[in-house]
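**Student:** The primary structure of each chain is shown beneath.
Protein chains: 2
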Amino acid sequence: MFDYIIVGAGFVGSTLAERLASQLNKKVLIIEQRNHIGGNAYDCYDEHGVLIHQYGPHIFHTRSKEVWDYLSQFTDWRTYQHEVLGLIDGHKVPVPFNLNSLHQLFPSSLANRLEEKLIGHFGYNVKVPILKLREVSDSDLQYLAQYVYEKVFLNYTVKQWGVKPEELDPTVTGRVPVYISRDNRYFQDVYQGMPSHGYTKMFERMLAHPNIKVMLNTDYKELMAVDTEAQLITFMNQPFEGKLIYTGPIDYFFDYKFGKLPYRSLRFQFEHWKDDLVQDVGTVNYNNNYNFTRMTEFKHLTGQKVDGSTTVKEFSQDYVPGQNDAYYPIKNDGNLELYKKYKRLGDSIEPVIFAGRLAEYQYFDMDAVVARALGLFNQLYGDVI
Amino acid sequence: MFDYIIVGAGFVGSTLAERLASQLNKKVLIIEQRNHIGGNAYDCYDEHGVLIHQYGPHIFHTRSKEVWDYLSQFTDWRTYQHEVLGLIDGHKVPVPFNLNSLHQLFPSSLANRLEEKLIGHFGYNVKVPILKLREVSDSDLQYLAQYVYEKVFLNYTVKQWGVKPEELDPTVTGRVPVYISRDNRYFQDVYQGMPSHGYTKMFERMLAHPNIKVMLNTDYKELMAVDTEAQLITFMNQPFEGKLIYTGPIDYFFDYKFGKLPYRSLRFQFEHWKDDLVQDVGTVNYNNNYNFTRMTEFKHLTGQKVDGSTTVKEFSQDYVPGQNDAYYPIKNDGNLELYKKYKRLGDSIEPVIFAGRLAEYQYFDMDAVVARALGLFNQLYGDVI
Ligand SMILES: Cc1cc2nc3c(=O)[nH]c(=O)nc-3n(C[C@H](O)[C@H](O)[C@H](O)COP(=O)(O)OP(=O)(O)OC[C@H]3O[C@@H](n4cnc5c(N)ncnc54)[C@H](O)[C@@H]3O)c2cc1C
Ligand SMILES: Cc1cc2nc3c(=O)[nH]c(=O)nc-3n(C[C@H](O)[C@H](O)[C@H](O)COP(=O)(O)OP(=O)(O)OC[C@H]3O[C@@H](n4cnc5c(N)ncnc54)[C@H](O)[C@@H]3O)c2cc1C
Chain A
1 MFDYIIVGAG
11 FVGSTLAERL
21 ASQLNKKVLI
31 IEQRNHIGGN
41 AYDCYDEHGV
51 LIHQYGPHIF
61 HTRSKEVWDY
71 LSQFTDWRTY
81 QHEVLGLIDG
91 HKVPVPFNLN
101 SLHQLFPSSL
111 ANRLEEKLIG
121 HFGYNVKVPI
131 LKLREVSDSD
141 LQYLAQYVYE
151 KVFLNYTVKQ
161 WGVKPEELDP
171 TVTGRVPVYI
181 SRDNRYFQDV
191 YQGMPSHGYT
201 KMFERMLAHP
211 NIKVMLNTDY
221 KELMAVDTEA
231 QLITFMNQPF
241 EGKLIYTGPI
251 DYFFDYKFGK
261 LPYRSLRFQF
271 EHWKDDLVQD
281 VGTVNYNNNY
291 NFTRMTEFKH
301 LTGQKVDGST
311 TVKEFSQDYV
321 PGQNDAYYPI
331 KNDGNLELYK
341 KYKRLGDSIE
351 PVIFAGRLAE
361 YQYFDMDAVV
371 ARALGLFNQL
381 YGDVI
Chain B
1 MFDYIIVGAG
11 FVGSTLAERL
21 ASQLNKKVLI
31 IEQRNHIGGN
41 AYDCYDEHGV
51 LIHQYGPHIF
61 HTRSKEVWDY
71 LSQFTDWRTY
81 QHEVLGLIDG
91 HKVPVPFNLN
101 SLHQLFPSSL
111 ANRLEEKLIG
121 HFGYNVKVPI
131 LKLREVSDSD
141 LQYLAQYVYE
151 KVFLNYTVKQ
161 WGVKPEELDP
171 TVTGRVPVYI
181 SRDNRYFQDV
191 YQGMPSHGYT
201 KMFERMLAHP
211 NIKVMLNTDY
221 KELMAVDTEA
231 QLITFMNQPF
241 EGKLIYTGPI
251 DYFFDYKFGK
261 LPYRSLRFQF
271 EHWKDDLVQD
281 VGTVNYNNNY
291 NFTRMTEFKH
301 LTGQKVDGST
311 TVKEFSQDYV
321 PGQNDAYYPI
331 KNDGNLELYK
341 KYKRLGDSIE
351 PVIFAGRLAE
361 YQYFDMDAVV
371 ARALGLFNQL
381 YGDVI
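Chains as they are written, first to last, in the numbering used here: chain A, 1 to 385; chain B, 1 to 385.
Bear in mind the hints are in silico, worked out from the structure with no lab data behind them.
There may be inaccurate statements among the hints.
Identical copies carry no separate label here, and so any pair may be met within one copy or between two of them.
[Claimed, not checked] Only pairs whose alpha carbons sit at most 25 Å apart, straight line, appear in this in silico SDA-like list of lysine to any residue:
(1) K201 with H48
(2) K243 with L345
(3) K221 with R205
(4) K201 with Q323
(5) K243 with L376
(6) K26 with R182
(7) K305 with Y42
(8) K313 with Y290
(9) K274 with D76
(10) K201 with R34
The task is simple: from the sequences and hints, build the whole structure.
**Tutor:** Structure follows, in structure tokens:
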């Protein structure tokens with residue numbers, strides 16, 4: 001009946017389903033536990049008729065022409081280049097920190113001197129990690145590095161990861177960039193935009209193939225069992241001979257037998273305003289104030305013309321399976337070790353393929369998971385098509 | 001695995017699924033051929049962010065407190081009382097034809113005289129079928145009956161049903177009312193409104209029960225077979241022991257073995273306007289002009305505040321299975337005979353229940369199908385709960 005069962009209707013699951021159906025004429029069943037397709041990129045209209053992203057703001061950007069062309073089969077794009085302002089010392093300045101931020105925050109004499117030194121040492125239009133800034137034996141640049149570290153990075157990161165400052169790994173934190181540029185965009189990728197009619201519409205088109213069936217509201221374990229020893233899959237109490245592509249959490253697949261993989265989660269607080277727009281750009285980071293990390297206004301992203309506006313604040317919190325959603329894997333040696341135990345076990349189960357942010361315990365941007373799915377498809381079937 | 005399989009996620013299928021899951025703790029699979037739930041009542045946002053009804057305008061109205069209370073568990077309501085204007089002799093006047101229409105169309109001397117005669121003969125605030133008007137031996141009222149018949153009813157009906165005027169049955173056409181009232185509303189039901197967040201959101205809540213699984217994009221015949229002789233149902237190549245509730249076309253169920261049941265279909269032409277609103281009320285009927293029957297502006301119905309407006313024109317056409325959708329059963333003796341043949345066969349298949357507008361070959365309003373589904377549920381299981 002089905003050649004493939006795919007768990008999860010996010011970017012990975014939908015891309016693979018689309019490829020298998022349209023390129024190999026395979027019959028695919030997608031099982032999705034939520035009541036909608038699209039995974040975390042799902043968007044919908046709220047009760048005020050504003051198009052929102054239910055699982056936090058998603059901006060599409062990629063350097064990959066392949067990924068862009070692939071998705072462009074299923075959507076047109078609204079030209080949109082995301083800008084983020086950070087609230088620093090009472091000013092809202094571009095982040096990543098750049099020359100415009102410098103001039104907004106520092107008196108012009110100092111700003112001009114710093115600008116000259118930055119350009120002198122590193123050139124124009126380059127991103128310099130503060131670790132590199134610190135290596136220069138110039139007290140002005142050292143000062144700048146420390147300023148950016150403290151005001152842009154430190155408190156935001158502490159909030160986001162719920163860690164103590166001293167727990168931060170300096171080699172990692174040193175990657176925070178100063179962007180010697182007047183480019184205020186958050187991303188510099190060649191391809192940037194928002195699906196003209198939203199992500200969900202794009203997913204609907206990807207899954208519109210008659211060979212693809214989608215079953216919503218269903219945890220795959222309600223219908224399937226995998227005997228990992230015998231390498232046997234049962235689907236609706238019958239042996240299933242096809243392949244299973246699993247894009248859910250890998251630890252859940254194995255009933256957490258080695259323990260739970262830790263994640264950070266988010267609480268989203270949506271707010272509606274009578275105003276046409278309430279902030280100047282898509283996202284404002286509250287780097288040093290309040291207990292939410294950032295606030296995003298969807299109309300900037302979508303360009304929607306509608307009365308009133310909806311924003312979302314993100315509050316970072318621990319992940320508790322069953323209570324909230326797993327968003328950001330917490331990378332450390334212990335957790336990676338744990339993941340690898342699961343991965344080894346997963347690799348040994350021939351009829352199951354694990355792919356995606358939850359199955360691979362890795363933060364991926366959308367374009368990265370699409371590239372991952374296309375790559376996987378080519379690797380598995382490149383010779384057939 | 002499943003106690004019930006329901007074909008169709010419209011009002012009938014969704015109501016029965018909700019009742020079976022929430023009241024009897026049954027496990028239900030809904031199989032739906034479209035890529036969305038809600039049946040013909042499905043609404044969604046178009047590419048301009050306007051909430052539209054994809055299968056024609058749906059206004060909810062009922063006299064049944066039971067139906068209203070039942071649906072109110074899943075939605076709040078926007079207070080909305082539908083008004084329709086008909087384009088008659090170059091004026092847009094209320095339909096059903098009422099005293100306001102009379103005064104807009106007729107010179108005041110004549111209008112006053114007719115008004116007095118109408119009230120004198122029938123009283124105030126009553127709906128009088130033109131058949132009754134014709135029975136009064138008053139040439140003014142006879143004239144009015146003929147006027148309403150010709151200008152409000154005749155050409156509209158010819159357009160809608162694609163028939164010749166002489167093919168119309170006078171006992172049926174005589175039911176057209178003159179409403180001796182200044183009530184411009186299209187419906188006089190106690191309960192009227194639009195689901196505050198749309199029909200689809202309401203359906204999502206009805207189907208949110210963990211016992212209900214929905215499979216989209218799937219014609220049930222792709223997964224099931226019914227052996228009508230042996231009364232056996234197979235689902236995914238296995239015998240299915242539960243009950244099948246079928247809300248699709250009854251003739252399709254039996255592979256059209258006795259022939260196809262005829263329907264009228266519609267072509268919908270959606271148009272988007274830069275204006276805030278383009279007509280004065282929800283629907284304007286083009287009784288005597290153009291080849292569409294009516295045009296509806298969704299923002300009147302939904303109250304949405306958004307830039308621009310979307311309307312839909314309805315063009316009546318013949319139904320061709322596989323090419324367009326079946327909307328209005330064409331009632332005549334031959335067709336009813338044909339339906340009854342299918343019904344007798346259907347009744348003989350114990351594990352299958354046929355319900356809804358397509359399975360019963362009958363035009364039902366939304367409240368009527370909900371009442372039907374609730375009644376069916378009580379009839380089948382009233383003793384259990
Ligand atoms: C707050 C936030 C903001 C982001 N912003 C951006 C951005 O701006 N740009 C960008 O490129 N990327 C962004 N991302 C990343 C983006 O969300 C991911 O790249 C993408 O969602 C990964 O797709 P996926 O298919 O791997 O996983 P998902 O989208 O999570 O899909 C997995 C699906 O599997 C389903 N599932 C899980 N377990 C089961 C089960 N047991 N049974 C059935 N179904 C199951 C889930 O319900 C889910 O729908 C952001 C992520 C977060 C958290
Ligand atoms: C133009 C128009 C306007 C209307 N306006 C109003 C109004 O203003 N007010 C009002 O009260 N009523 C209105 N109605 C009536 C309303 O649409 C119906 O009462 C209601 O849709 C009936 O619900 P149902 O569940 O019986 O059928 P449907 O809503 O048609 O649901 C049946 C479902 O079964 C699915 N299906 C069919 N065959 C298969 C198959 N082989 N496999 C899988 N799935 C299948 C279909 O895709 C569909 O989703 C209107 C109808 C039309 C046509």
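**Student:** Are the hints correct? Go through all of them and say.
**Tutor:** Hints, verified against the model:
| no. | hint | verdict |
| --- | --- | --- |
| 1 | K201 with H48 | both (19 Å within a copy, 13 Å between copies) |
| 2 | K243 with L345 | within (17 Å within a copy, 41 Å between copies) |
| 3 | K221 with R205 | between (27 Å within a copy, 23 Å between copies) |
| 4 | K201 with Q323 | between (28 Å within a copy, 23 Å between copies) |
| 5 | K243 with L376 | within (14 Å within a copy, 41 Å between copies) |
| 6 | K26 with R182 | neither (50 Å within a copy, 62 Å between copies) |
| 7 | K305 with Y42 | both (20 Å within a copy, 23 Å between copies) |
| 8 | K313 with Y290 | within (11 Å within a copy, 51 Å between copies) |
| 9 | K274 with D76 | between (30 Å within a copy, 21 Å between copies) |
| 10 | K201 with R34 | both (17 Å within a copy, 14 Å between copies) |
Of the numbered hints given earlier, the model fails hint 6 alone.
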